[in-house]
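Residue numbers (my numbering), protein chains in the order written: chain A, 1 to 741; chain B, 742 to 1175.
No lab work stands behind these hints, which were simulated from the structure alone. It is possible that part of the hints are untrue.
[Claimed, not checked] Only part of the chain A face toward chain B is listed, based on derived beta-carbon distances under 8 Å: (1) Asp-340; (2) Thr-373; (3) Phe-380; (4) His-384; (5) Thr-409; (6) Gly-416; (7) Gly-418; (8) Asp-421.
Just so it is clear, CB atoms sit at the ideal spot from N, CA and C, and this is done for glycine as well.
Okay, here's what each chain looks like letter by letter:
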Amino acid sequence: MTDLLTLENIHFSVDDGLATVLLDRQGESMNTLSRELAEDLVTVVERIENDPEITAVVIGSAKPSGFFAGADIRMLRSLEDGQATHDMLSDVHGLFARIENLHTDGGRPVVAAIHGPCLGAGLELAMACGMRVCSNDASTTQLGQPEVKLGVIPGAGGTQRLPRLVGIAAGLDLMLTGRSVRPYSAHKMGLVDEIVPAELVLDVAQRRARERAETSDTREGPSGGSSNGGPLAAVKSWLSPKHLQELALEDNPVGRRVLFAKATEQMMEETKGNYPAPKAIIRVVKTGVEDGIDAGYAAELDEFANLVVTPQAKALMQLFLDSQAAKRSRGADAEPRPIDKTAVIGGGLMGGGIAVVNTVNAGVRTRVKEVDTAALGRAFQHVHSEIAGFAKKRRVKPAKSAELVQLVTGSTDWSGFGDADLVIEAVFEDLELKRKILADVEGITSDDAIFASNTSSLPIADIAAGSKRPQNVIGMHYFSPVEKMPLLEVIVTDTTADWVIATAVAFGKQQGKTVIVVNDDAGFYTTRVLGPYTNEAFRLLAEGVPIRDIDDAMVQWGFPVGPFQLMDEVGIDVGAKITKIMQDAFGDRMAPPPELARLVEGDRRGRKSGRGFYRYEEGRRKGVDETVYADLGVEPATKLPISTIQDRVALPFVAEAVRCLADGVLRSARDGDVGAVFGLGFPPFRGGPFMFIDQTGADRVVWKMEKLADQHGDRFAPPEALRARAEGGEPFRTDRTGQPA
Amino acid sequence: MTENPGSVNGRRVAIVDGLRTPFVKAGTAFRELNAIDLGAACVNELIERSPLTPEDIDQVVFGAVIPELAGPNIGREIASRVNLPPSVDAYSVSRACATSTQSIVSGTQAILTGDADIVVAGGAESMSRPPVVYSDSVVDALMDFSAAKDVAGKVRALAGVRPKDLAPRPPALEDLSSGLTMGQAAEKMARENGISRQDQDAYAFESHLKAVEAWEKGIYDDEVMALLIPPDYEDVVAKDGIPRSDTSLDKLAALKPVFDRKYGTVTAGNASPLTDGAAAVILMEEAKARAAGIEPRAFVRSWAFEGLDASWQMLMGPAFATPVALHRAGMTLADIDVIDMHEAFAAQVLSNLQAFASAEWAQEHLGRDSAIGEIDRDKLNLYGGSVSLGHPFAATGARQATTMANELLRRDAGTALITQCAAGGLGAALILER
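Bound conformation, chain B alone (with noise of 0.2 Å):
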């Protein structure tokens, strides 16, 4: 297939705008404001320094992978909260460490489509704020209490309910078909892939090399808002904070494994820390962009979902969603020139480059003849990872499109892979091209 997927009857979908927060650990800076808040200060930001207004937004898709309850459609009350008209149309999508990449596809489906001309499309996570959760007796304790006609039934609803019952349950990471949590996938494929504590602090420091060293030279200058914090705002929050430029080998190595502390090799240093924080782009229909003289910065090419058994080898998506994007943009791995991985786990890269390049796996897991390619190392990751930025959970695909989408606009050529694995064994990845 060479028809280009990304293009259907003559339109084709622009990224011509991006923007993120910075990235902070979960209970720190940001640990007042809800994913709301961050996603509302984000898409406010983007929109006023665009040339765009309220008025052309068509659609908003934002998602949220811990919901915030109070608002659980979080593109609408982020629509509302910015003050985009009220006959903008604003969902909310869900795909774990995918949600904003799922963002971006529906934004782009819907411009395809005819459907709208111009989405903001991204995600927000606030780790600071997750919702908290009572065991099943006090819920139906609780619910029993409400329907209870009268005081005796409403004191009855209530008398079962124990102490323990009361202590909350705290939000699990853990997929609960698998029953297994990220950390422990991430330790299962660091087991049967081989990869060694080494191979992870290694790649967890060149992370981090890379992010500094990209903050230093202004790559995330225009893509990261300068957050002041309210109510108060003498707090700003300008740059990421999860980079660590004094980090050593030696420190890494010397972190204990968190989720097998017996025979583990993933450590706080390696993983992708808990954060807060928000990103989104705007997608805008090719010829609409150019009438309004506004430069694309990337087109979208091409993407895939994919999903795999997740008590296999959970977070192997990319290496399933990655051939499958490339097949339908008619490119094979050459073609891409800078490619961005999510990385939630220095062993999960690690275990998706081997799959990459092996024939074998290719042939075991695709059934395909050959391999999907050798990533260059060169071409990954430029500018650090979510280990090194930190990964709010539905924030991750729409700062990897950006940066992505500006590597391009930089180069004023070429290709773009961003991929990510999911919880629940799923696996997307999005092919840019400029």
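Chain A extracted, bound-state conformation (with noise of 0.2 Å):
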């Protein structure tokens, strides 16, 4: 077959009535919905619907990499007013709803072909086909709506169809969370219609087509019409918990009301309401129910339009390039060195887990060392269940799971760590303890094996300082749980070769971590930046704030949690002693509240032993210890407005942030959003606390800081370099066309 059309991004064949449309966007590896492709798009539809001897239509990819991977974010990001956007997405519905009519209407079926990712604009063209033809390969096949990430809604016809296909309920919960589902799912919950091996989905869908066309059923579902699971699967398919929710609640108003409350109430309590697409594509929906599909389009398109502009889509759209860009940066100009065996000194927690990303992410081989058969039985289960719970959800192979566990071995003596290419050091922060660890390393390893200390805020060059091989030494700060938080702080020091940090960058990847480089100091970026930020929380408290007033408005501005809970998980008896390292280090701007010495006493050490700002039975949060009042003499009395809470404690986070750019902690501001998104929770749809400042207007930060300062200290005072943006105008993140700086 030979290409009918001469198009820059689609090939187009017909043979023997069967039109072949197969996406290939030019000079992208993958696709994309650019204005280009949906002009040639549009070409093709019309050569179809003019063209009687096409009886039959397969829409497909010809890249290797997979079917449609969504919108071009850039050309999302370059949307810059309303009615451009929906100009743009009125042509794109247009082009959709040919598409639809050349099933529905012309009696000729349309299959989509789809194997890898079907995603956004691309699961919304498929949904616009009559059959979804899907590939079997978990590994690389998956379809959703992530539009929420971004802050947006599905923009082409997803929000309409996606219900009509799924149901209301299913349907709001893939658009709601973004999330994607693998072949098996998308079968289950009938976004699909049938799965065919990865190698055959162009095949079978063709011979769909052909078949749908000569018995002219046009349909949605499976071909055919007739179930082939004969009376007893149309009575179980009744009878399943799906069909039944349908009949509850989806097919009469009622329900459908309780639907769709019950939906708002979740999502506002997981959202916060800082979110606004959620509450739009909840709206969108409901509109399509009620009032028709039509007007469903067309609140969509309005939404939509608003939506794009708004500076919490800005944020998240932003915070994807940005995690897009960690992802090419390389760290340093050299060329990394291969990984092949790794050693984790202490298999705790943090490096229990490291070991598992060793194993399950970058497949390389890791010693454990502990100090008893205990702990190192201890490291080996966490490894195990964790890779347990993989096999269990597929994230690995169950047949590959046993050799995944066999990656990880261990022992109490040095005995198989000499030829470990990477030592990752994850004892407890003691600074004597490290170099003696170091010291041990390197009498046993090669001139070429790179030391990394997983410290959370000693400075790396202390430990180094008596290192055979200072240029070998490099910070790799990992966050608790490691396998969930996506964050890897790398800090290097003045004598950090530069090929240790393109390494530890590269096998950081390896792991699946976004990466950031930092420079050396007390506390680096991460931990430096909760150290005022806890500071205030607890003088909050000191004052006689309620804990619980503290967490929530922190949690209200979009935290993932509040201080202290935060506190409580670190541990507080750890929290203090980071803390005194950076009072030391910077001084009394980070200098805590006397009263923290009184709670620091006894076994009040947070979550791990039961007992922290919150108590804990049997390793679950119960509600606030309100012993912590009296132990601090103080009357939780004192009412505070949600967003003084909120101003005390969060901007002095956003003005350490801004020290450690001017100090050259921070290479740029955008590896100190990264850092803060990715490995502390910082609000999302606020992009960061750059990206923060520079939509709240520096100008304004620091007039609320300086007004700070006048009530509270010195510890308020805007840094010098927020002052300077301030006057100056020029923001830390974007320059005057919106495009990142």
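Take each chain as given, in its own frame, and dock them per the hints.
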């Protein structure tokens, strides 16, 4: 078959009445929606509409990478005003409607052949087709509407077609979470009609299109119209929870009201109302259900056009591009060296987690060192149960899990550590201990072995002092739980070799991490910005503001947990130790309130001791531990406006981030934003501290801080670099055209 | 023949490392682990401890006497499990209690011919998880069932099965051709060779004393890995479970004979117990090892496998294989500094010692004028044997080779003889030197 049309982004051929449309966006490895691709698709559809010889259509991809990954985020970001967005999306709506009309009105079946990512506009295109044949390759094939993660909603008809295909509840779930589903789940929920071996996707799609054309069956759903499961299967599907739920909730107005109310409640609980897109999704779906599909399409266009220019959408899109940029960054101008074997010293929560990502993500052997076999056993158990969990969720192949488990071995002595290429130390924060381990490791490993410390606060240069090979010493700061937290903060000293930096960054990416590289100093970046944040929360408590009010205020501001819950997770004793290091390094600005000392005594150490700012029973967090107030000698009776609490706790965080940039700890404001969001849970819709300052206005942040400094002391004095931005009007993150700086 | 058969075209095979799991009684600490699990744990740790990487390994030769039916090629299963590159060749061997001697010899031959430079050789046995076998009538019925085309046929296929057919057949430790169990063979040898119950018990007692003392002296510290038991990894087995410091001649004398309750002399105390465990060595071409800065512990000098009529004295293999291996090495028994003879039964060891020392026996069975030689008991099984350490069938040869290679390393000179009897009337002998 040869191309019948000369198009840059689509291969179009017709064979015996069957038109095959293969998307192939020029200059990109992956199909994404661009103006040009949309225009080519219009040409193709016109041709099909006008060619009575064409009786069936298959839409697939010519790219090995897969079907269609969605909209081009750069294009979305360039949509500056609502009207332009509205116009562009109207065209796409019209195009997809014409594709739909081919099979609904024109009697010509249209079958999507899906392999690899089928996301966003890709899924919306597939849903405009009459049938979807999908690859069984779960490692690459996923379907979803991830728009919400970028602060927008599906804008090419997805809000209307998805609920009609899979039901309102399932459709809302996919759109509100932005999660994608793998072939098997997609088939089960009715999103695709047939799953076939990856190599046969196009072939089967073509066969189905012909069959449907011959039987004039252009309906939605599997071909032939008859359920091949027989009467029993029909009864079963009627009695399935999904069908019963549809019957109970979706098929009647009262039920639907309950359903939308529940969805709204749950969404508000999870987003605290900080994200406009999820609210819009519910409104638009509801409109389509109550007022008909055309009203739904119109509402979708309006809402999308409004959302795409919100600060939340801009921040989320910027963050997405930032994380992409972090994936490309090499950290240093040198070739990374291969890591064939790693060692982890200390197999506790952090060390065990590092062993898991070494194994599951990087696929590299890891030798764990522990003080006794019981501790070693706990590390193995950690790795084994994580891998078993991944196997259960099919994140790893079950048959592969026994092999993955064998990648982790361990010892209580130094046997088997000599040939490690990368040794990651994850023992507790004790400088002398870390130095001793470094000396021991240098005694047994080769001259090219990298020594990385997972310290969260000690300067790497202090650990490297006395090292035989200081150029091989680096910081690799992971976040707990390592398996879930996406950030790796790589810390480099003046003497760290470039190849060591490049290797640590490359290996971090192999572990599945988003990596930032920062320069060495006490607390680096992430620990340092948390210092004034937790200190200020503590001061508020010492002033008698209830713990619950403070934590709630910060969760409302967008953090996943409040500062006191965070301190309980980290460990109050560990936090106090770090605070001391910060104070020694940075002076009064980082001084904790004197009352903290009273709490650190005794067994109030946080979750691990069952007692912190909250009470814990059998590992579960219960209410606030009211005895804290008595221990501090305060009445929890001070009521402050929520915005006051938020300003007092959040602004020292962002101000410290600015200092980190000015001091050269941060290499870029982008790293600061990526590090805060992916490592510390800084609210993603604010885009990170620098994006937050840009969106709020540096002058406004300075003004607020000066006021706080007047009331509460110099620790709120805005840093010089922030004042300079406020006076010069230069944003940290964007130039005047809205493009990343 | 004085030429060194362990050297071909200047290539010589070194044992550069060896490791085993602790050996424990079947049905105890390792009961959840099958032979592949045990073998993989052992090989994985062996490679991790060595300076070699998985990419360095050319071949894996492994065995299990009771095969794991889910993975009959245990060599390949272990290679995959421990993440050796897919290109690494791996196969399995079976030679009853001499299985891992066969692994070592096969690996040695591959290195001598130049097929491989580095081979992992060993064996693993789980006597806790033997495959359970159905009667022939059930097997027939199941085969018919799967072949039947319709429901009626399937019903017919199963109709003939009676409840008693469903009782699984216990795995027999029986020699198919001779019809004798190993224990019966040992009883026969004790009777025919006049080995008394007292001598057997005394031998077993001494075996335990030596094994306990070896552990106390740290002989096994570096050649036995601690195994944490998955999936909880809360229980750790760091030492052999079978050597008993609290045994005595009185206690041994009090045990009832097992195989011949009326007239027998073989008891659970003077026989090797059913055992779970795994052992493996790394074999390496000498020049390759030296170039990599890896010190050989010992070299393979010669070996021999010999057969005899199993229905006569099935477990006399050492007395048949040893003289051949010695001859090939150009040695006599007097040239051997240390001996490790597999202890299937005290009666079997004592029968073999008798035969080694007897010119008459040598004349009758080997057609030689002189005895093979009297074994100096001070050279024999210095650190215990299968009676006291346990006997995971396929792991024993690699266990012996590791201990002997380490012994030669400690002495930094000398020769070692490793020998086993095996079911089917087979004998194996392997001579190491340094």
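>> Check the structure against each numbered hint from earlier and tell me which ones fail, lowest number first.
In response: Number 8 - this is the single hint that the structure violates.
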